[in-house]
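Construct the entire structure; sequences and hints are all you get.
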Amino acid sequence: MREVTWIRRLALIGAILCFGVVVLGGYTRLSDSGLGCPDWPGCFGHVAPTGSAEHYASASDVRKAWVEMIHRYAASTLGLIIVVITALSIRARHERGVKVWFSLVLLALVVFQGMLGMLTVTWLLKPLIVTGHLLGGLTTFGMLLWLWMSMRAQDRTVDGASVLAGNRVVELGARARQWAGLALAALALQVFLGGWTSSNYAAMACPDFPRCQDQWVPAADYGDAFVLWRGLGINYAGGVLDHPARVAIHYTHRLGAVLATLLLLLAVLAAFRGLGPRPRWAGVAVLAALALQLSIGIFMVWRAFPLPLAAAHNAGAALLVAATVWLNRSLRPVADFR
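Reading the sequence shown from the start, the letters are residues 406 to 743 in the working numbering.
A few of these clues could be false.
Distance windows between CB atoms, simulated [said to hold, decoys possible]:
1) 452 - 689: 40 to 48 Å
2) 468 - 586: 41 to 49 Å
3) 576 - 465: 57 to 65 Å
4) 492 - 712: 34 to 42 Å
5) 633 - 674: 30 to 38 Å
6) 576 - 707: 40 to 48 Å
7) 636 - 597: 18 to 26 Å
8) 575 - 465: 25 to 33 Å
9) 501 - 622: 54 to 62 Å
10) 659 - 590: 16 to 24 Å
11) 576 - 444: 24 to 32 Å
12) 406 - 465: 45 to 53 Å
For the record, the hints were derived by calculation from the structure and aren't laboratory data. Built from N, CA and C at the ideal position, the CB exists for glycine as well.
Right under this line is the structure:
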């Protein structure tokens, strides 16, 4: 049981750290620090940005190198925590609530994240890799939260809607889980679109809101906007797309926000329909995170995309993922974690 307690604690610590890694990764990208250290895993051959002055043209370059390396240090610490979680899970594999397969998937994901982090640098900020790195980070965050919530739920005799009985409640619960699953999928799509917008430097393609380029349906090049692979050897710092393609990406991100918002609201509405206090509280958290994220996004456009608001938008996405994961977990009984 001691191992189970530590798995639960480390899952929570890892989730908190992963939130920081995701936010710091977004800041690294938004502050143009992604190539602050052009090699990997060190920085100009050092474990810290302590190389000779010839590597840095200005104090700004030194700052960018430190931002990049601090992100790597935090990500490495997170990887170590997940390794320990996996080792403890294997050791306590016969204990109630311990699922070795889940820890192994989490470990494989963080290793893959490390590979994407390396490719982000060596492939010169390739949008597909940068976006995949963001998706992987938020997936890791969500899985750590799910692990922590599930292991906490193992200590309870009931969970969510299981305190209630009756065919009507079972039907409502199944419907709510469907809506919550669709909302999570739509949110994942929106995260991809957000990462694609950022990695292609398309955020400022629509400098006005609610319209874009002073039009409800702006002229855009969708054919060139979503080409995932453009070959190697291209430096994507600053973006390589023409303006119409960037408009297409940004506008699609806004349409994705409408879809995600609608499905999240439907999921919350379904969770409010007599399924117990935990789904209701999770629904309230989703509404709060959604309102915060939409507000940050709108003010970010109105204020001409300042770096603090852009970084806050990345943090808001992580909070919305956390709330949506909580909603999905609250709608499932303990036995569903298998």
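Hint-by-hint comparison with the structure:
no., hint, verdict
1, 452 - 689: 40 to 48 Å, "holds, 45 Å"
2, 468 - 586: 41 to 49 Å, "holds, 42 Å"
3, 576 - 465: 57 to 65 Å, "holds, 59 Å"
4, 492 - 712: 34 to 42 Å, "holds, 39 Å"
5, 633 - 674: 30 to 38 Å, "holds, 35 Å"
6, 576 - 707: 40 to 48 Å, "holds, 44 Å"
7, 636 - 597: 18 to 26 Å, "holds, 21 Å"
8, 575 - 465: 25 to 33 Å, "violated, 60 Å"
9, 501 - 622: 54 to 62 Å, "holds, 56 Å"
10, 659 - 590: 16 to 24 Å, "holds, 19 Å"
11, 576 - 444: 24 to 32 Å, "violated, 57 Å"
12, 406 - 465: 45 to 53 Å, "holds, 52 Å"
Taken one by one, the earlier hints fail for this structure at numbers 8 and 11, listed in ascending order.
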